[in-house]
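*Asks:* Chains as they are written, first to last, in full-length UniProt numbering: chain D, 1 to 381; chain F, 1 to 289.
Be aware that a few hints might be false.
Claimed, not checked - 25 Å max Cα-Cα, derived DSS-like pairs, lysine-lysine:
(1) F/107 - D/154
(2) D/2 - F/107
(3) D/154 - D/236
Stated by the list, open to error - Footprint (simulated), chain F over chain D, 3 or more residues, beta carbon under 8 Å:
(4) 57-69
(5) 373-380
These are computed hints drawn from the structure, not numbers from a lab.
Remember, predicted model here, so these are calculated numbers, not experimental data.
Glycine residues also receive a C-beta, built at the ideal position from the N, C-alpha and C atoms.
So the chains spell out like this:
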Amino acid sequence: MKLHEYQAKGVFAEAGIPTPDSRLATSVDEAVDAGTDMGYPVAVKAQVHVGGRGKAGGIEIASDEAELREAAERILGMDLKGYHVDRVLVESAVDFTDELYLGVTLDRGEGEPVVMVSSEGGVDIEEVAETNPEAIAREHVDPAFGLHSFQARKAVYEAGVPRDVSRAVSSVLETLYDLWEANDASETEINPLMVTDGGEVVAADAVMNVDDDALFRHPDLAEMEEESYTDELERKAGEYGFDYVRLSGNVGIIGNGAGLVMTTLDLVDYYGGEPANFLDIGGGAKAERVANALDMVFSDPNVDSVVFNIFGGITRGDEVAQGINDALSQFDEIPKPVVVRLAGTNAEEGMEILNTELVQVERTLEDAVQRAVQNAEEVGR
Amino acid sequence: MSVLVDDDTRVVVQGITGGEGNFHAEQMIEYGTNVVAGAVPGKGGQEVHGVPVYDTVHEAVRREDADASVVFVPPAFAADALFEALDTSLDLVVAITEGIPTQDMAKVNRRLSETDTYLVGPNCPGVITPGEAKLGILPGNIFADGNVGLVSRSGTLTYQVVDNLTQRGIGQTTAIGIGGDPIIGTSFIDALELFEADEETEAVAMCGEIGGEDEEEAAEFIATEMDTPVAAFIAGRTAPPGKRMGHAGAIVSGSGTGTAESKIEALNNAGVPVGDTPEEVADHIEGFL
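Start from the sequences, fold in the hints, and give me the full structure.
*Replies:* The following block contains the structure:
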């Protein structure tokens, strides 16, 4: 789960990390009021879950009321990389001499947390990681002990942070690690941490993403979840609790287990078709979940044909078959041809239950995918 | 022969009184697995499918001489269950549970590094030596006894590739589903090492997927340390970029790795053929035998 910048800043500020004055605004008038209260210049920042907001036109600096009004009018309501902007953060613009990068995440390869510091903040840090990896100091953390102060200092010195703020930056880094750990974050990040003329540091941005699997022990964070989908189908998938990604093709794909669903996508492509989506119904799916999956895929106007690929382990073939029957029997006419391939746990029972007047049945993955691709070609014609 | 499990393996099922634990304990017993105990706090003294249940794993191990456990404990309590299992110095712990918080697993992994235990998973289908024992949720009927080792990051993809092998009469020594979570116990390399040392394993099928660099590291290991031939499948060639990999995670890994292309290239460079379809993986394996 991603927190918006304003939410993450709230969490950071409460933990003692300096942040600029700011106010959330949902209308141009509210934005202007905020500017009047805080004084100029201010930054107007779209609150949506996309990276690179600045480059995409989602952040502007305004030095007076007219500029603020213009910026707010333009940004509020805009479509930013597929997300609708309905709120902006109006924030005191900080005069800075340096911009730093601080981040905490899990190094998957090492299976350990890692803290990162760079004196090249304020830019696309992924680009820095690629073109000049030495510009980012990294320190691995033993999760049994947490981040030692000496490690924070070491990273800060190695990154070449200005000496007069090294102590303050170390302190922010330690707090950032503590927040990462205490909130089960997958990442906490400040880019940039601005160094002011007076030798102070201020978090001009704030990123905090939380491990969805750990939300059960952070009800306060779970309440902050705000998704702003522009894609109706992805919104629906969120409601149904599916792992779903919409793609540009016309063969709808439903399966169980990420690896098998990805494989089904790959095979649709291999046999000359184009996947319309990735939809994983997950393990142990019952009939209702299967019906919801079909509803999702039928709701996509681009879909010309559907393939179900279920290999039961913890998922049982008879449950899936019942779900397919239930979902399809509600239609007078099946909207798109459906190919079903069932294997594994209770697959035989499932095959017996399956209403073959409603679906086409194939025994192997390869046959099922080829049939679905062929169906899509015929329907699409 | 086999790796990790055989018909001598004495298994304790952690969480045997829960829905999944109960169902799959029965399936495991039916398959012939030597399930000797269950362990569930507060449920000691009960019996499930004829198996005695103890309050602690320690007691199960002491009374029934168990040497492996399989964990069906819900995510909120799973890390504690794993710490408990590791505290008893079992040879093997298989964690089926899906959705264990990543930071919990980082701590478990840290503890694991101090032990000699093999942890398989979490969020995996388990381990099976066909005809002898299965620890986990794998559908036993698709497997056949034979001389091919299988290691996979994805549960259902494991079943798919096994099915392609078994359908043409190629059996397996052992299949290990290592799970696709960011932090797992047994890695591709650990499993490949076991298969390389096993005299009966004549070829290995390896199923990977996009994300992380485990397949690239495995390729390096295969090139330098293995004589047993390996064929692979990599899922996710058509997955849209940027949908899965996190922001800071991509910084650590650097870009250009973790994609299907980089994995396939690394494996090909290590002399490992990568099938375009699961059926093609079976073709390559057949060619090795």
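*Asks:* Please go over all the hints and tell whether each is borne out by the structure.
*Replies:* Hints versus structure:
Only pairs whose Cα atoms come within 25 Å are accepted, and residue 107 of chain F paired with residue 154 of chain D is accepted, the gap being roughly 23 Å. For the suggested pair residue 2 of chain D and residue 107 of chain F, the alpha carbons sit about 23 Å apart, so the restraint of at most 25 Å is met. The hinted pair formed by residue 154 of chain D and residue 236 of chain D fails the criterion: a straight-line CA distance of about 47 Å is larger than 25 Å. Counting residues of the stretch 57-69 of chain D whose beta-carbon sits less than 8 Å from any beta-carbon of chain F gives 0, not enough to reach three: the coverage restraint is violated.
For the stretch 373-380 of chain D, the stated coverage by chain F is violated: 0 residues have a C-beta nearer than 8 Å to a C-beta of that chain, whereas at least 3 were required.
In terms of the numbered hints stated before, the structure departs from hints 3, 4, 5, listed from lowest to highest.
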